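Top to bottom, those sequences are chains A and B.
So in my numbering, spot 417 of the first sequence is number 418, and the numbers just go up one at a time.
So in my numbering, spot 369 of the second sequence is number 370, and the numbers just go up one at a time.
Simulated from the structure, these hints should not be mistaken for laboratory data.
Just so it is clear, the structure is predicted and the values come from calculations on it, not from any experiment.
Heads up, a few of these hints could be off.
The list makes no distinction among identical chains, and a pair is therefore deemed to hold if it is satisfied within one copy or across any two copies.
[Unchecked claim] Restricting the straight-line Cα-Cα distance to at most 20 angstroms, the calculated cross-link-like pairs of lysine to aspartate or glutamate (DMTMM-like) are:
#1 K58 to D32
#2 K478 to D32
#3 K375 to E365
#4 K375 to E61
#5 K68 to E417
#6 K478 to E288
#7 K352 to E24
#8 K375 to E24
#9 K464 to E439
#10 K263 to D161
There are 2 protein chains.
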Amino acid sequence: MTAPTTPQFHVYDTTLRDGAQQEGMNLSVADKLAIAPLLDELGVGFIEGGWPGAVPKDTEFFKRAAKELDLRNAELAAFGSTRKPGVRAVDDPQVRALVDSEAPVVAIVAKHDLRHAERALRTTGEENIAMIADTVAFLVREGRRVVVDAEHFFDGYRFDADYTRAAVVAGFEAGAEVVALCDTNGGMVPTWVADIVHELRGVVGPDAILGMHAHNDSGCAVANTLAAVEAGCSHIQGTVNGYGERTGNADLLAIVANLELKYGRSVLASGDGGLADLTRIAHAISEITNISPFARSPYVGASAFAHKAGLHASAIKVDPDLYQHIDPALVGNDMRMLVSDMAGRASIELKGRELGFDLAGRSELLGRVTDRVKDAEANGYTYEAADASFELLLVEEIDGERPQYFRVESWRTIVERSGSRGTPATAEATVKLHAGGERHVSTGEGNGPVNALDHALRQALIKVYPELESFELIDFKVRILDSMHGTDAVTRVLIETSDGQTAWSTVGVGPNLLEASWEALTDSAIWGLRNRGVAPR
Amino acid sequence: MTAPTTPQFHVYDTTLRDGAQQEGMNLSVADKLAIAPLLDELGVGFIEGGWPGAVPKDTEFFKRAAKELDLRNAELAAFGSTRKPGVRAVDDPQVRALVDSEAPVVAIVAKHDLRHAERALRTTGEENIAMIADTVAFLVREGRRVVVDAEHFFDGYRFDADYTRAAVVAGFEAGAEVVALCDTNGGMVPTWVADIVHELRGVVGPDAILGMHAHNDSGCAVANTLAAVEAGCSHIQGTVNGYGERTGNADLLAIVANLELKYGRSVLASGDGGLADLTRIAHAISEITNISPFARSPYVGASAFAHKAGLHASAIKVDPDLYQHIDPALVGNDMRMLVSDMAGRASIELKGRELGFDLAGRSELLGRVTDRVKDAEANGYTYEAADASFELLLVEEIDGERPQYFRVESWRTIVERSGSRGTPATAEATVKLHAGGERHVSTGEGNGPVNALDHALRQALIKVYPELESFELIDFKVRILDSMHGTDAVTRVLIETSDGQTAWSTVGVGPNLLEASWEALTDSAIWGLRNRGVAPR
Numbered sequence: 002m003t004a005p006t007t008p009q010f011h012v013y014d015t016t017l018r019d020g021a022q023q024e025g026m027n028l029s030v031a032d033k034l035a036i037a038p039l040l041d042e043l044g045v046g047f048i049e050g051g052w053p054g055a056v057p058k059d060t061e062f063f064k065r066a067a068k069e070l071d072l073r074n075a076e077l078a079a080f081g082s083t084r085k086p087g088v089r090a091v092d093d094p095q096v097r098a099l100v101d102s103e104a105p106v107v108a109i110v111a112k113h114d115l116r117h118a119e120r121a122l123r124t125t126g127e128e129n130i131a132m133i134a135d136t137v138a139f140l141v142r143e144g145r146r147v148v149v150d151a152e153h154f155f156d157g158y159r160f161d162a163d164y165t166r167a168a169v170v171a172g173f174e175a176g177a178e179v180v181a182l183c184d185t186n187g188g189m190v191p192t193w194v195a196d197i198v199h200e201l202r203g204v205v206g207p208d209a210i211l212g213m214h215a216h217n218d219s220g221c222a223v224a225n226t227l228a229a230v231e232a233g234c235s236h237i238q239g240t241v242n243g244y245g246e247r248t249g250n251a252d253l254l255a256i257v258a259n260l261e262l263k264y265g266r267s268v269l270a271s272g273d274g275g276l277a278d279l280t281r282i283a284h285a286i287s288e289i290t291n292i293s294p295f296a297r298s299p300y301v302g303a304s305a306f307a308h309k310a311g312l313h314a315s316a317i318k319v320d321p322d323l324y325q326h327i328d329p330a331l332v333g334n335d336m337r338m339l340v341s342d343m344a345g346r347a348s349i350e351l352k353g354r355e356l357g358f359d360l361a362g363r364s365e366l367l368g369r370v371t372d373r374v375k376d377a378e379a380n381g382y383t384y385e386a387a388d389a390s391f392e393l394l395l396v397e398e399i400d401g402e403r404p405q406y407f408r409v410e411s412w413r414t415i416v417e418r419s420g421s422r423g424t425p426a427t428a429e430a431t432v433k434l435h436a437g438g439e440r441h442v443s444t445g446e447g448n449g450p451v452n453a454l455d456h457a458l459r460q461a462l463i464k465v466y467p468e469l470e471s472f473e474l475i476d477f478k479v480r481i482l483d484s485m486h487g488t489d490a491v492t493r494v495l496i497e498t499s500d501g502q503t504a505w506s507t508v509g510v511g512p513n514l515l516e517a518s519w520e521a522l523t524d525s526a527i528w529g530l531r532n533r534g535v536a537p538r
Numbered sequence: 002m003t004a005p006t007t008p009q010f011h012v013y014d015t016t017l018r019d020g021a022q023q024e025g026m027n028l029s030v031a032d033k034l035a036i037a038p039l040l041d042e043l044g045v046g047f048i049e050g051g052w053p054g055a056v057p058k059d060t061e062f063f064k065r066a067a068k069e070l071d072l073r074n075a076e077l078a079a080f081g082s083t084r085k086p087g088v089r090a091v092d093d094p095q096v097r098a099l100v101d102s103e104a105p106v107v108a109i110v111a112k113h114d115l116r117h118a119e120r121a122l123r124t125t126g127e128e129n130i131a132m133i134a135d136t137v138a139f140l141v142r143e144g145r146r147v148v149v150d151a152e153h154f155f156d157g158y159r160f161d162a163d164y165t166r167a168a169v170v171a172g173f174e175a176g177a178e179v180v181a182l183c184d185t186n187g188g189m190v191p192t193w194v195a196d197i198v199h200e201l202r203g204v205v206g207p208d209a210i211l212g213m214h215a216h217n218d219s220g221c222a223v224a225n226t227l228a229a230v231e232a233g234c235s236h237i238q239g240t241v242n243g244y245g246e247r248t249g250n251a252d253l254l255a256i257v258a259n260l261e262l263k264y265g266r267s268v269l270a271s272g273d274g275g276l277a278d279l280t281r282i283a284h285a286i287s288e289i290t291n292i293s294p295f296a297r298s299p300y301v302g303a304s305a306f307a308h309k310a311g312l313h314a315s316a317i318k319v320d321p322d323l324y325q326h327i328d329p330a331l332v333g334n335d336m337r338m339l340v341s342d343m344a345g346r347a348s349i350e351l352k353g354r355e356l357g358f359d360l361a362g363r364s365e366l367l368g369r370v371t372d373r374v375k376d377a378e379a380n381g382y383t384y385e386a387a388d389a390s391f392e393l394l395l396v397e398e399i400d401g402e403r404p405q406y407f408r409v410e411s412w413r414t415i416v417e418r419s420g421s422r423g424t425p426a427t428a429e430a431t432v433k434l435h436a437g438g439e440r441h442v443s444t445g446e447g448n449g450p451v452n453a454l455d456h457a458l459r460q461a462l463i464k465v466y467p468e469l470e471s472f473e474l475i476d477f478k479v480r481i482l483d484s485m486h487g488t489d490a491v492t493r494v495l496i497e498t499s500d501g502q503t504a505w506s507t508v509g510v511g512p513n514l515l516e517a518s519w520e521a522l523t524d525s526a527i528w529g530l531r532n533r534g535v536a537p538r
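Turn these sequences into a full structure, and let the hints steer you where they fit.
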């Protein structure tokens, strides 16, 4: 048999589709549109965006993605299913919707375990194979590159290898570019994967592009994917941070880092640049999914290169490479000594340079800024996603104070509801402050207390600083930091503001959510005014 | 060469020693004394308790363990180091302390990478090998079973195989029972491990007991350990929940479950009993370490057997084994159906059954509940992580109304700050409601508005429902749902409450964060009272 072939290695991300199946994850269209450019920047070759037709917000995603996204490295892929038993592919509205999504790549999930065809689809093995062949052929005729997701491939192979092989061959013969072998239930171990892929290779020939789609139920998803690549798979599927149903999908970041750094294979379309941003991209996506990053994640975790000082401390200082499997800078992470304070200055110097501040010769200043950042981070701040707040901190250390655009006397919010469930609550806020030589008192209303505070602050300042007119709050995120203390915990608020040209992010932290929000709101106004070159009035 | 041999497979737990190196973990002697019996119950063969002599609380642990612990399956192991360069083992106080600990098993860490011997120890390769041989021989003469932890074995082998092999042989010839091959920096992948262990086996002969000690820096710790076992290692080291420095040690629970269930090897001294308690033991140890369990952990995670896809729900109902890699009961875990926005009638029927409601014959009711769930989820609710709110919805549809424990007249929160940055804000809440035939008005204070509302609600109800005394808010999560609309967005609040015995979760949604919090707080009180069998008063 013959199969189409491309010379490249496929890194196929399914964070937005299979990753979103994770318990507790619920991505909006806006979330997906924000994640896709980060994946593209990393340099994946394919971004599977969802199931248009079956999930209304995925239909909308593909519509908006076509207009709004400008991807350099990745192709968008729509996920769907083979046609239903007993209908023509062209007449199946679910298949039709895949074409209508206008995604250039379509992945169709297709049963490759005879038991699933018979018991879940309640059809025959022959009809299931016809469903694969018809659906692939139809999509290829419609000009799509087709990936077959061979669902339950490994379990099916172990149950009835002949049937499963026939299904794979049918997909290739109908024109599929890739057949991705799915360990849907996640129970494989690497040697099982290697043996089966080797056997299958003998059936499909050397040129067929086989893929691997692993889940982590045995704790082996990364290793199973590496085993598949060693056995000749050249298309890998996975998710950022290993998101996914049950124990998660294979962690695409760890796989890519292993392939690039351990196997010496260049698999990212972005070249080395993407890999050097691995940690930043992993954390930025965590912010969007609002799922706390796992500190022990390979390569990108906050603890991944953290050493408890003591026994090895001096040896590590002299010869760090003897104590780490790779140089953390290769994946944009840092070695941290948990007791001593070796880390930090270099990255803060770099960050300063990025923002236009040359700290290179100013060792004492750099030391003070590093100390303040460490202190703040110990208290729950994070500057990773709040450049504007970091810049204000830097300005404060350089100039000795923050720019004094206004002086706050007091603020207050009142939220109340009269009546039972269903009656809406009202929120108002009053802000008293001094600016432009006068005292300003204003009250704002809003859907909730933060919204009301934002309105009141803006109203109080607008006469003195009409530039604020164009500022708009475009994102607001809340994270509870120590979840073991219930509502006593510390709250971190991240706010993103835009003036139509630039967008900037600020952070506030405190035991009181509204206090944290207030801090981020005022930082946002100050940074925005300073950035426009407005002097305090 | 010859080596001592035992017929058994060694499961060697190092949670209390290497696991305790994890960032943020700090185990007291009491913690260790509480964890050890759980490990013994699981059926591990060895419990490495710490480094007596070097760490004072570990010295105390071994002293108290000898008196207080009654272990059935496990031997205690003390961890230490080879003697220093240039002194006799008998004269090295650190080695002496290992004997004094009276642990029947001693593990000594010994350099197996020539670079580490020369650069970290600043000695010669020959002296390093003499240090291994002398220390092992001394401990064996003192009647101890000796495990050599061959530190940096794999990196050393790849750098200078001859030297590393000579070090391993020296350990066995001096009388070590086991040489455990350590991937100290955690950078190996399974095929590298397999190749090296195979090669080494040719050197040490078929009877030498080789062990594997893996770290997860490549995301392959479990698979690397399995590869080592396939290549003939019969001693495995790891930690519960994969605790450990950086990315953690190999997760002993996943390895043991894989060996028992995938490889069909009986490796636990407790027989099947221990495996069936795997989930309970993993969670009990999390309670002691005070590190939140990772929901996506293989086998034991809360999400490990949780299914979201509405698509498959009907098939899962018919044939659960087609959708899970093992029967979760084998490891003491449970299948859970998550009610999600792809939910259909089948998954809601299953969820109802899980909560004790038989909806099988009640098609009209099932239809109504499904419609309400879909409607609610479209508005931002999620019942995946809020079983208690889902149950109240179900009860409302069955009985025609929610249990009427109280009727809310109004509530109000005030948060205010006078003064500049740094002055703390104050929060108070007033609740007016009717319960037990009376009107109750109460005001609560708190760190923030939700905390204040919780206090006020509790105070207003406590006279009528003293059962609320034991309820405690243990988790509070906030998610902004459509993050592109800034503070106008919809907010979802998830609250977890405990009464010391049971924990339950509720959800609230609204444009106003405090309104959403109020909904989740009141649902929580209602569910808790109903669950205790309290009737509305």
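Hint check results:
1. Taking identical chains as interchangeable, the C-alpha atoms of K58 and D32 lie at most 20 angstroms apart only when both belong to the same chain, with a minimum of 11 angstroms there against 48 angstroms between chains.
2. In this homomeric assembly, K478 and D32 come within 20 angstroms of each other (Cα to Cα) both inside a single copy, at 12 angstroms, and across copies, at 18 angstroms.
3. Taking the shortest Cα distances, K375 and E365 sit within 20 angstroms of each other inside one copy (15 angstroms), while across copies they are farther apart (59 angstroms).
4. Taking the shortest alpha-carbon separations for K375 and E61, only the inter-copy value of 18 angstroms comes in at or below 20 angstroms, while the best intra-copy value is 42 angstroms.
5. In the homo-oligomer, the alpha carbons of K68 and E417 never lie at most 20 angstroms apart, since the shortest distance is 42 angstroms inside one protomer and 45 angstroms across protomers.
6. Taking CA atoms no more than 20 angstroms apart as the test, K478 paired with E288 passes in both settings, with 8 angstroms inside one copy and 14 angstroms between copies.
7. In the homo-oligomer, the alpha carbons of K352 and E24 lie at most 20 angstroms apart only across protomers (15 angstroms), although the nearest pairing inside one protomer, at 35 angstroms, exceeds that limit.
8. Taking the shortest alpha-carbon separations for K375 and E24, only the inter-copy value of 16 angstroms comes in at or below 20 angstroms, while the best intra-copy value is 33 angstroms.
9. When the C-alpha separation of K464 and E439 is checked against a cutoff of 20 angstroms, the pair qualifies only within one copy, where the shortest distance is 11 angstroms, while the shortest distance between copies is 51 angstroms.
10. For the homomeric pair K263 and D161, the shortest alpha-carbon distance between copies (19 angstroms) is at most 20 angstroms, but the shortest distance inside one copy (35 angstroms) is not.
Hint check: a violation occurs at hint 5 only; the rest are consistent with the structure.
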